[in-house]
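Same order as they appear, the protein sequences are chains A and B. Under the numbering used here, the first residue of the first sequence is numbered 1333, with each subsequent residue one higher. Under the numbering used here, the first residue of the second sequence is numbered 1333, with each subsequent residue one higher.
Everything labelled a hint here was simulated from the structure, so no lab data went into it. Being a predicted model, the structure only gives us computed values, none of them experimental. Treat the hints loosely; a few may be bogus.
Given that identical chains are not distinguished, each listed pair holds provided it fits within a single copy or across any two copies.
[To be verified] Below 20 Å or equal to it, Euclidean Cα-Cα: the simulated SDA-like pairs (lysine to any residue) are:
1) K1383 to V1368
2) K1383 to E1353
3) K1383 to S1481
4) K1383 to M1351
5) K1573 to G1430
6) K1426 to T1460
7) K1573 to D1410
There are 2 protein chains.
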Amino acid sequence: MPPPIEQAWPAICLVRPQMGENIGAVARVMLNFGLVSLRLVEPRDRWPNPKAQMVASGADRVLDGARVEWRLEDALADATLVIAATARPRDMEKPVWGAREAAANVCAAIDAGERPVILFGAEATGMTSDEVSRADAIVTLPVNPGFASLNLANAVAVLAFALGEARQDTTRPAWFQDSQSPPATQAEIDGLMNHFETELDIGRFYHPPEKAPLMRQNLRNIFLKARLTEQEVRTMRGAVKALTVGRGGRKKDRPARESEDENET
Amino acid sequence: MPPPIEQAWPAICLVRPQMGENIGAVARVMLNFGLVSLRLVEPRDRWPNPKAQMVASGADRVLDGARVEWRLEDALADATLVIAATARPRDMEKPVWGAREAAANVCAAIDAGERPVILFGAEATGMTSDEVSRADAIVTLPVNPGFASLNLANAVAVLAFALGEARQDTTRPAWFQDSQSPPATQAEIDGLMNHFETELDIGRFYHPPEKAPLMRQNLRNIFLKARLTEQEVRTMRGAVKALTVGRGGRKKDRPARESEDENET
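Model the full structure from these sequences, guided by the hints.
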């Protein structure tokens, strides 16, 4: 079995990590399996963190190169494939994979020039549904239902190992399909979502208000499931524009459409 | 994917573990993946160890049930299949498996009623060649050659995960062959080895003396590779006896065979 080559992708992204020791342990096991790109979203403690360095046992390179962001969307802006590691079942329309399947899809994506990121939640609380809703797919490990809470570094270890195995396996999975046109990044999908939502707000789509977060998640998920390309994002934005300002001889300076309801569902 | 059922086999055996925190982390990840049998050989610190309990995060059951032994051979006495997890290549005539292959063989052995044990070495020093020589096979993980030292619990995590996957995979590996007769335990093989070695000593087999440890390892390995059954151990012991005291009309009270050399190689 040839040794794994150190590789920039996938990035491992820790969402609101708490203990520096756990960040260090993650860095160590990443480098053990040849992964070097670490992202931290809203770490609890000041960064750099000496406790992380102590536990990293020499994987300083991974810690030094870690990117710290305060918003998940910034950490994912350049990602073209996002996978959320979560034990809890979520009521979402997303593929749910085992580690091997996730690893195979990530490797296929890398082969196609994509930039996959794997998300891991905070130690105690995991990820919110809103955070998970940013993922293209969920990866879940076959844990004991009576004792399911994995240590963060152990969870990363299993995924990193599975990636090492998948790299050596040339059979590719069915889910991932390489597209002709470059895949959309999460930033591009965010741009589309923001555009869409602004118009939907005007059209009073988000009603009743308490359902708005879930409606937003479901909508985002439709675009993620579609695995939009850059071109398709542009097409969609053009479509949204056509549905609003540009259509049917409307005037650009026409006031907001308070009296119209054709964009409601 | 059905959740894993907690199961008594394989046992995880830590050889000379140092930090209580690591023992606790191992117990936690074992229970995460449904493994409950922990064995400790010569732990550095007093047992029970409060640091282990703290890190186990509720896997007290695994720690409370841990068997502590002072000699590896006692920890392996009831084992019928022993696999040593080691990163360093050893110049031994033993099968070397990846995690998936090892897990498949362990599961096949359990299905056949065997009692497999997986050995993990001490944090800093790993296992001695003599310790590894007790294994039927070696399992090694595809780590970064530039940064190969895995945290103990992370190594156990990967193996425990691979076992969970293998349990759900009904295709069985080529190496493991179920036998008609019950497999020999390591205690039975130790008995045969002791008998054999006593007679070989008398026959001045171990010459020159500095090569004796290696010759012993090689010899033990022959019996391990053969995957002897209980019956075959008895047969071998009968054979050794026949080659020494019992053969060709010899008298039982005949003195030691100082002048004979037909048992030398």
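Any hints this thing doesn't respect? Which numbers, in order?
Checked against the structure, the hints that fail are numbers 5 and 7, while the rest are satisfied.
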